[in-house]
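Going down the list, the sequences are from chains H and S. Numbering-wise, the first sequence is residues 1 to 469 according to the working numbering. Numbering-wise, the second sequence is residues 1001 to 1268 according to the working numbering.
These aren't lab readings, by the way, just hints derived from the structure by calculation. Some hints here could point you the wrong way.
Unchecked claim - Among chain S residues calculated to face chain H with C-beta under 8 Å, some are: (1) VAL1048; (2) LEU1104; (3) LEU1110; (4) LEU1263.
For glycine and all other residues, C-beta sits at the position ideal for the given N, C-alpha and C.
Each chain is listed here by its residues.
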Amino acid sequence: MISHIVRKEFMDVVRDGRFRWCAALVGALLLVSLGTGWVQARNAQKELAAAQATARDHWESQGEKNPHSAAHYGVYAFKPRLALSFVDEGVDSYTGTSVFLEAHRQNDFLLRPAQDATPAQRIGALTAAQVLQHLVPLLIILLTFGALAGERERGTLRQLLATGVGRLELAMGKALGASAALALLLVPAAVVGAAAIVVGSPGPATSPLVRGAVLAGIYLAYFATFIGLSLAVSARAPSARTALVVLLAIWVVNGLVAPRVAVDLSKWLYPTPSAIEFAHTLEQEMANGVEGVDRPDRAVVTQNLLAQYGVERTEDLPINAIGVFLQESEVFGDQIFDRNYGALWDTFKRQGYVHEALAVTAPLLAVRTLSMGLAGTDVEQHRHFAAAAEQYRRDLVERLNGELTENSRTGEVYLASADLWSQMPPFRYDAPEVSWVLKNRALSLLMLGLWLAGAFVVVTYAVRRAEVA
Amino acid sequence: MESGQESRIENTSEVQTVDESETLADSAGAAVAPVLEARSLSKRYDEVDAVVGLDLRVGPSEIYCLLGPNGAGKTTTIHLFLGFLEPSSGSAHVMGLDVAEEPLKSKTHLAYVPEQVMLYRNLSGLENLAYFAALGGKESLPTDRLTEILGEAGLQADAVHSRVSAYSKGMRQKVGIAIAIAKEAGALLLDEPTSGLDPEASNEFSELLEQLKDRGVAVLMATHDLFRAKETGTRVGIMRHGRLVAEMTTDEIGHADLERIYLEHMHD
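Throw the hints in and build the complete structure from the sequences for me.
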């Protein structure tokens, strides 16, 4: 029996010119945003790969040089665009795509696309994720607001129920009918998306198809939630017009109000220092140290070395005391960086928890977090990359300081051979597995699951209690 | 009301006592179970009694016409049989099934034609019929048979494949009747089915009811049309303020009698 309802609903919707126009518009926007996103992501990835190669080339072409000077010469690490970043660019535009790695400093990220965007681009940028998160729910509302309220208004509901069809069967048939109509635009988009990943992945990622499949599942759960809510409102609203108004209000809260409130509330609960404040604190602590983290004293380091090796003059040391001091300075700096950046990242993480918890008020918050996570463009994966780049910096600087320490004596002018630079392994980044992403976003998964289950319960209750006439 | 009991409605001198066992006897005089039965059925909305203690039985091959002014409780009675409303007390039964307890099963025996048959504008008459018939359990009816049923209901052949958005009220009503025919239900509930139909269509409709009656269908029809009630009904009940105030068999009274009795009750 449900199949008849599904078929009829599908036919009814597809024959409706209003749906055809809306679906064509949303479908076109979705395909265009997927296409442009993919082209942009691929171009960006090509540029990053070229820049990474150039940076490596510069590094290897330094010629003879003191290793610590090479550490100051530094290298760039470029954040790769992951395979699904064309679907959801997340916070990539704001976090930057490259970082300069050098001795003594943990630098901020550079090359933020948002900095270069024109005002028009800032307003008009449309990603596939935005279409899926905002426009598809709107289309669902337009498809389903009259599903039961309209039937009641037209008088067809009582005729339908008089046939002996169950209310839940009717609601299920309507939900599936609307889903079938939506599939007309979502299936081609999913095929295009999958083809984009398989045929020409714009960037690396672990198991991109698995990420894509999970992402598709997340969006399907989101759409199912909206269909359920929409049918529930339609079942209880006194008229189709009232149902539409209520659903549009829900859409506004979900898409516009809740995200803004989540950002403001999370910042209010867990404030982050301004960039100037942060830089000032870092500078102060680097200059003076803090309790438990003391700036190394060169004289003390030298005295300890003399005592350790049982000699009286630094020239008699078998190693370069300056190299040891430089590395101790690095370790000190690293502790200061860990302290400050760690606190900053932890604050971001707490803000993220607030954001995820507030998904209880709007499913979009959960979906947005999961979407960015699976696309590899969220703050957590930026942190993952930043941590990998910072670890590389520390390892590189330690190795260069070690070269200086082990291969020269204090007071000597030491130049490492040109071969040394190519012996330093290039920076290589492995994006986290999909399980890492889902574990990190367990709260959002839970919230989306609650919304889906809640929508099911609400629609069941509402349909059972719906007035017939 | 138990079989064999007399109607609780007092007779007027012009109206014979209606004995339930008599009413629910077939042509050979054998007692038959009622298809539709209301037992002390009541429905109260806030402070208003829509139906009060209704006892009613309609057997196979009976056309029971419920007469009464607007607000008398006719439509509410039909909605109670359809399970659209929960009774405040008492019960409605279809083929012995309590509607409140077995709403879906009881509907398998019911067909319903409302005052305004509303259909899906984007579908044709045939598609509408196929859809409603399928939901009513007649999923395997071939297109030829569906077309034939539409013809039986009086819909012109050239309108069968047209979208319903171009249909007149009368044409929609005919599709509604076709839906009822297709279901082949044991009971037919009609709520002012001829309202707005032209005389010719109303007459065709009456003939159709006769055919359904001959097939053993029990018909409960709410109507304002005293003439049609006398012509097509086998029994007539008059409702006022939610109560069944009079009940009579139509072959024992004339048109004028019915009108007089109706008016008497309306002016009590």
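Hints, one by one, checked against the model:
1. Nearest Cβ of chain H to the Cβ of VAL1048 of chain S: about 16 Å, over the 8 Å cut. The hint is violated.
2. With its C-beta approaching chain H no nearer than about 6 Å, LEU1104 of chain S sits inside the 8 Å limit, and its interface hint holds.
3. Proximity of LEU1110 of chain S to chain H holds as hinted, the smallest CB-CB distance being about 7 Å (cut-off 8 Å).
4. For the restraint placing LEU1263 of chain S at the interface with chain H, the shortest Cβ-Cβ distance is roughly 30 Å, beyond the 8 Å limit, so the hint is violated.
Hints 1 and 4, counting from the list given before, are not met by this structure.
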